[in-house]
Amino acid sequence: MTVRIVVLLKYVPDITSDRRFTDGRVVRDPAEGSLNELDENAVEAALRIVEALPEPAEGEDPHEVVAVTVAPEAADIAVRKAYQIGVGRGIRVTDEALAGSDYFGTTAALAAAVRRLGEDQPVDLVVTGMAALDGLGSVVPALLAEELGWPQLTLATSVSLEDRTLTITREADDAVETLAAPLPAVLSVTDSANSPRYPNFTLIMAARTKPIEVWTAADLELDPAEVGLAGARTTTVDAAPRPPRGELQLVVDKGEGGTALAQFLITNDLV
Amino acid sequence: MTRPTVLVFLDSPDPEAEEVRPAVLELITLGRTLGRVDVLTLGAPSVAVLATLGAYGVENVHQAAVSTNVPAKAHHLTSVLAAVLAEGVRRIDADVLLVPSSFAGREAAAVAAARLGAGFVADASGLAWTDGAAPLRISKRVFAGTWETVSTVASDPAVVTVRANTVVAEPAETVARPDVWPLPVEVGAAAVTVVSRELKHRAAGRPAQEEAAIVVAGGRGTHGDFGPVEDLADALGAAVGATRDAAFEGWFDSYIGQTGVTVAPRVYIGAGVSGAPHHRGGMQASQVIVAVNNDPEAPIFEISDFAVVGDLADVLPQAAAAIRAHKAARQG
Numbered sequence: 000m001t002v003r004i005v006v007l008l009k010y011v012p013d014i015t016s017d018r019r020f021t022d023g024r025v026v027r028d029p030a031e032g033s034l035n036e037l038d039e040n041a042v043e044a045a046l047r048i049v050e051a052l053p054e055p056a057e058g059e060d061p062h063e064v065v066a067v068t069v070a071p072e073a074a075d076i077a078v079r080k081a082y083q084i085g086v087g088r089g090i091r092v093t094d095e096a097l098a099g100s101d102y103f104g105t106t107a108a109l110a111a112a113v114r115r116l117g118e119d120q121p122v123d124l125v126v127t128g129m130a131a132l133d134g135l136g137s138v139v140p141a142l143l144a145e146e147l148g149w150p151q152l153t154l155a156t157s158v159s160l161e162d163r164t165l166t167i168t169r170e171a172d173d174a175v176e177t178l179a180a181p182l183p184a185v186l187s188v189t190d191s192a193n194s195p196r197y198p199n200f201t202l203i204m205a206a207r208t209k210p211i212e213v214w215t216a217a218d219l220e221l222d223p224a225e226v227g228l229a230g231a232r233t234t235t236v237d238a239a240p241r242p243p244r245g246e247l248q249l250v251v252d253k254g255e256g257g258t259a260l261a262q263f264l265i266t267n268d269l270v
Numbered sequence: 000m001t002r003p004t005v006l007v008f009l010d011s012p013d014p015e016a017e018e019v020r021p022a023v024l025e026l027i028t029l030g031r032t033l034g035r036v037d038v039l040t041l042g043a044p045s046v047a048v049l050a051t052l053g054a055y056g057v058e059n060v061h062q063a064a065v066s067t068n069v070p071a072k073a074h075h076l077t078s079v080l081a082a083v084l085a086e087g088v089r090r091i092d093a094d095v096l097l098v099p100s101s102f103a104g105r106e107a108a109a110v111a112a113a114r115l116g117a118g119f120v121a122d123a124s125g126l127a128w129t130d131g132a133a134p135l136r137i138s139k140r141v142f143a144g145t146w147e148t149v150s151t152v153a154s155d156p157a158v159v160t161v162r163a164n165t166v167v168a169e170p171a172e173t174v175a176r177p178d179v180w181p182l183p184v185e186v187g188a189a190a191v192t193v194v195s196r197e198l199k200h201r202a203a204g205r206p207a208q209e210e211a212a213i214v215v216a217g218g219r220g221t222h223g224d225f226g227p228v229e230d231l232a233d234a235l236g237a238a239v240g241a242t243r244d245a246a247f248e249g250w251f252d253s254y255i256g257q258t259g260v261t262v263a264p265r266v267y268i269g270a271g272v273s274g275a276p277h278h279r280g281g282m283q284a285s286q287v288i289v290a291v292n293n294d295p296e297a298p299i300f301e302i303s304d305f306a307v308v309g310d311l312a313d314v315l316p317q318a319a320a321a322i323r324a325h326k327a328a329r330q331g
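Same order as they appear, the protein sequences are chains P and S. Numbering-wise, numbering that gives the first Met the number 0 puts 0 at position 1 of the first sequence, and it's gapless, one number per residue. Numbering-wise, numbering that gives the first Met the number 0 puts 44 at position 45 of the second sequence, and it's gapless, one number per residue.
For the record, the hints were derived by calculation from the structure and aren't laboratory data. Please note that the accuracy of each hint is not assured.
Partial list, computed: chain P residues near chain S (C-beta under 10 Å) [what the hints assert, rightly or not]: (1) 20; (2) 72; (3) 170; (4) 213.
All C-beta atoms in this analysis are idealised placements derived from N, C-alpha and C, irrespective of residue type, glycine included.
Just need the whole structure built from these sequences, with the hints factored in.
Rendered as structure tokens:
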């Protein structure tokens with residue numbers, strides 16, 4: 000039986016770049032962004048699930064992994080990275096109406112894209128990374144599961160799919176647990192779930208020219224009042240760099256380094 | 000505005016817990032600056048827990064009773080917790096819902112906000128009304144603590160998860176005697192099955208990393224020997240943490256960083272920690288940063304307030320001894 004997986008990608012500013020805000024929104028400079036590193040674990044997880052499946056019966060469609068991102072055009076670099084790793088089809092949802100979306104607006108757009116894909120053929124699974132390295136909210140997978148009415152299995156450190164039941168282990172907060180749910184479902188994987196494969200040369204070459212489908216808010220029948228800045232329930236009213244730290248007090252240990260450290264804590268009333 | 004109502008979720012991995020976690024007491028303290036604070040619990044609060052809540056001025060505790068179609072071991076699932084949170088907000092018509100930040104807390108709070116049509120902010124580091132009235136202004140540190148943003152939430156209610164160590168927990172001026180109210184919560188059958196669940200054991204006597212006032216972390220420079228790190232932590236009454244590299248080497252069972260535990264203690268001490276971007280993302284919002292590293296070029300020095308260039312195996316035990324001597328003298 001054919002299995003169809005959607006992997007969600009986010010294009011994020013490099014964590015080593017000078018990350019900043021302008022007019023309440025994160026500046027996303029195309030030269031300084033890339034695929035959110037944690038989404039590579041999601042791509043890898045999706046590919047491994049598909050590779051472990053039996054071939055579809057004759058006459059059935061092949062298994063498919065589709066990458067979806069909601070972002071401006073600069074995010075193509077993220078989709079191409081997914082192509083390099085082995086994703087077969089990529090879709091970028093781009094619309095000025097989506098700019099400034101909060102968690103709920105982003106979720107609405109992603110859910111609409113999944114539903115749209117499902118109109119052609121059912122989507123069995125959505126896979127995401129555990130967080131985006133710019134926002135670190137980690138809530139979109141749960142919100143998407145809620146929006147689609149599907150079970151959520153988040154923060155997986157291992158994943159297996161058998162007879163359309165997805166089983167994961169997770170180590171979150173205070174417990175280690177094993178959870179299971181029937182497909183269709185939403186899965187998020189951590190950075191210890193797998194080691195993403197290196198792109199192979201053939202795929203790198205092919206990824207350069209492989210087309211990326213572009214969908215608009217209208218294609219997804221999204222209500223412009225429900226997404227983007229118009230639909231956002233929170234508004235960023237101020238964003239400023241925090242004051243730099245004071246001068247570093249540096250001690251080179253010549254036998255008194257530990258005592259100096261203790262004195263620093265004691266004199267600053269930190270003990 | 001009439002006095003706003005703030006609902007604080009008392010999360011606990013252990014329903015039999017006899018103590019209220021410091022993070023929850025901080026939320027109640029913060030909540031009192033916004034309005035009247037009610038508390039929402041899963042499971043029956045013990046006498047000791049009620050006494051603590053009373054000392055913090057809480058008059059009403061709402062004890063969720065989840066419908067029996069959901070087994071107790073599934074009560075922590077996001078879909079169930081979200082139903083509890085949303086029902087709690089509806090029951091008392093809360094203006095603000097505060098939940099301690101954790102992976103589970105963020106997910107449940109976000110889904111509850113979706114169901115309530117409420118605005119949601121994750122990992123706040125401060126909340127205040129705008130000149131005593133709506134909208135709520137919520138500050139948050141982003142980009143590894145290098146920026147601070149302020150958002151307003153126009154919706155009523157506002158749903159916010161709050162980081163530990165945002166405020167110092169302080170009992171109320173007037174002690175209350177909390178009443179416990181049952182809160183029936185109807186939940187659809189969970190689509191997720193909990194096959195097994197095991198609570199992690201925390202090293203006896205050490206606080207949790209995400210809530211501790213002081214955290215001592217070890218990195219690759221420990222070469223696998225966390226003895227000096229633990230020694231200094233115990234002298235300070237601090238939590239112990241590690242970098243991702245150290246955890247992946249098997250030297251410690253969890254790690255601080257962008258994809259691990261986020262800490263923002265009063266004091267962070269990194270020993271043999273280079274200061275890779277991943278780790279910085281989980282600790283850079285700490286108030287005071289101290290580093291011990293034998294590499295004078297270690298990037299962590301760039302974000303440190305105090306640093307020792309030296310061998311941690313020498314520096315840490317000496318510091319621990321001096322701290323112990325100081326504490327003994329103070330007590331004597």
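Do the hints match the structure? See the list:
| no. | hint | result |
| --- | --- | --- |
| 1 | 20 | holds, 7 Å |
| 2 | 72 | violated, 23 Å |
| 3 | 170 | holds, 8 Å |
| 4 | 213 | violated, 27 Å |
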